[in-house]
Amino acid sequence: DTGVSQNPRHKITKRGQNVTFRCDPISEHNRLYWYRQTLGQGPEFLTYFQNEAQLEKSRLLSDRFSAERPKGSFSTLEIQRTEQGDSAMYLCASSYEQGFTEAFFGQGTRLTVV
Amino acid sequence: EDKVVQSPLSLVVHEGDTVTLNCSYEVTNFRSLLWYKQEKKAPTFLFMLTSSGIEKKSGRLSSILDKKELFSILNITATQTGDSAIYLCAVGRGSRLTFGEGTQLTVNP
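Those sequence lines, one after another, are chains A and B. Note that our numbering has the first sequence beginning at -11, numbered continuously upward. Note that our numbering has the second sequence beginning at 214, numbered continuously upward.
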């Protein structure tokens, strides 16, 4: 286990379709984060899990977005009824629980909605 | 609302130059400031700073935090073409990181 793994790396979908992304964090990390990054901007926080509990959600996370981490290991992010504005890089990160430590990012899933 | 501002937004230098990247912030309940390097994909961690005045150093890169004036700088000496990337500053508050827009650094041979 060398790092945070995200799948797929790229996704092209038609507007209105649903998409699901997966993130496998570093195995000993119990915190998992989702961020979204658009061109020319820094990543924006979407949501975070501690083990299986979703403890915080950004107001950016509309009703069409849902995230789960059912067993406290991997996580999924689903976007329903995709819109062109959802096109972005979706980044997953993980970190240790103790205090605040550096978050390590996965390679991201680039979503293009056409 | 938390705010992180980086400057300059872009910078073009020649190999061997020294660069200084700036990051200022307004965050309630500040816990830490982090620097990341982003090439084409995932941000990779460089430094985490929690205390003022203590320089963190890794090879040609160094960074320092001023919690009184609410800013940090990232220095890169003797730049190389491989340093070309976006450098992101992020401030940690509780569970989340708030990122700046990043500084696009281009190092020309």
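Everything labelled a hint here was simulated from the structure, so no lab data went into it. Heads up, the beta-carbon is just placed ideally off N, CA and C, and yes, glycines get one too. Just so you know, not all the hints are guaranteed correct.
[As the list claims (entries may be wrong)] Cross-link-like lysine-lysine pairs, in silico, DSS-like; alpha carbons within 25 Å at most:
{"#": "1", "chain 1": "B", "residue 1": "Lys270", "chain 2": "A", "residue 2": "Lys(-1)"}
{"#": "2", "chain 1": "B", "residue 1": "Lys216", "chain 2": "A", "residue 2": "Lys45"}
{"#": "3", "chain 1": "B", "residue 1": "Lys269", "chain 2": "B", "residue 2": "Lys280"}
{"#": "4", "chain 1": "B", "residue 1": "Lys281", "chain 2": "B", "residue 2": "Lys216"}
{"#": "5", "chain 1": "A", "residue 1": "Lys45", "chain 2": "A", "residue 2": "Lys59"}
{"#": "6", "chain 1": "B", "residue 1": "Lys270", "chain 2": "B", "residue 2": "Lys281"}
{"#": "7", "chain 1": "B", "residue 1": "Lys280", "chain 2": "B", "residue 2": "Lys254"}
{"#": "8", "chain 1": "B", "residue 1": "Lys253", "chain 2": "B", "residue 2": "Lys281"}
{"#": "9", "chain 1": "A", "residue 1": "Lys45", "chain 2": "B", "residue 2": "Lys254"}
{"#": "10", "chain 1": "A", "residue 1": "Lys(-1)", "chain 2": "A", "residue 2": "Lys45"}
{"#": "11", "chain 1": "B", "residue 1": "Lys254", "chain 2": "A", "residue 2": "Lys2"}
{"#": "12", "chain 1": "B", "residue 1": "Lys270", "chain 2": "B", "residue 2": "Lys280"}
{"#": "13", "chain 1": "B", "residue 1": "Lys270", "chain 2": "B", "residue 2": "Lys254"}
{"#": "14", "chain 1": "B", "residue 1": "Lys254", "chain 2": "A", "residue 2": "Lys(-1)"}
{"#": "15", "chain 1": "B", "residue 1": "Lys253", "chain 2": "B", "residue 2": "Lys280"}
[Claimed, not checked] Per label pair, the in silico range of CB-to-CB distance:
{"#": "16", "chain 1": "A", "residue 1": "Ala41", "chain 2": "B", "residue 2": "Asp215", "range": "14 to 24 Å"}
{"#": "17", "chain 1": "A", "residue 1": "Leu27", "chain 2": "B", "residue 2": "Thr241", "range": "26 to 36 Å"}
{"#": "18", "chain 1": "B", "residue 1": "Glu282", "chain 2": "A", "residue 2": "Lys45", "range": "43 to 53 Å"}
Cross-check of the supplied hints:
1. B:Lys270 with A:Lys(-1): violated (38 Å)
2. B:Lys216 with A:Lys45: holds (18 Å)
3. B:Lys269 with B:Lys280: holds (15 Å)
4. B:Lys281 with B:Lys216: holds (16 Å)
5. A:Lys45 with A:Lys59: holds (19 Å)
6. B:Lys270 with B:Lys281: holds (21 Å)
7. B:Lys280 with B:Lys254: violated (30 Å)
8. B:Lys253 with B:Lys281: Not satisfied, since the Cα-Cα distance of roughly 34 Å exceeds 25 Å.
9. A:Lys45 with B:Lys254: holds (24 Å)
10. A:Lys(-1) with A:Lys45: It holds: about 24 Å lies between the C-alpha atoms, which stays within 25 Å.
11. B:Lys254 with A:Lys2: holds (24 Å)
12. B:Lys270 with B:Lys280: Holds, because 18 Å separates the two Cα atoms, which is no more than 25 Å.
13. B:Lys270 with B:Lys254: holds (24 Å)
14. B:Lys254 with A:Lys(-1): Judged against 25 Å, a Cα distance of about 15 Å means the pair holds.
15. B:Lys253 with B:Lys280: Violated, at about 31 Å.
16. A:Ala41 with B:Asp215: 14 to 24 Å: holds (23 Å)
17. A:Leu27 with B:Thr241: 26 to 36 Å: Roughly 29 Å apart at Cβ, these two residues keep to the hinted range, so it holds.
18. B:Glu282 with A:Lys45: 43 to 53 Å: The hint (43 to 53 Å, Cβ to Cβ) is violated, given that B:Glu282 and A:Lys45 are roughly 33 Å apart.
The structure fails hints 1, 7, 8, 15 and 18 (numbered hints given earlier, in ascending order).
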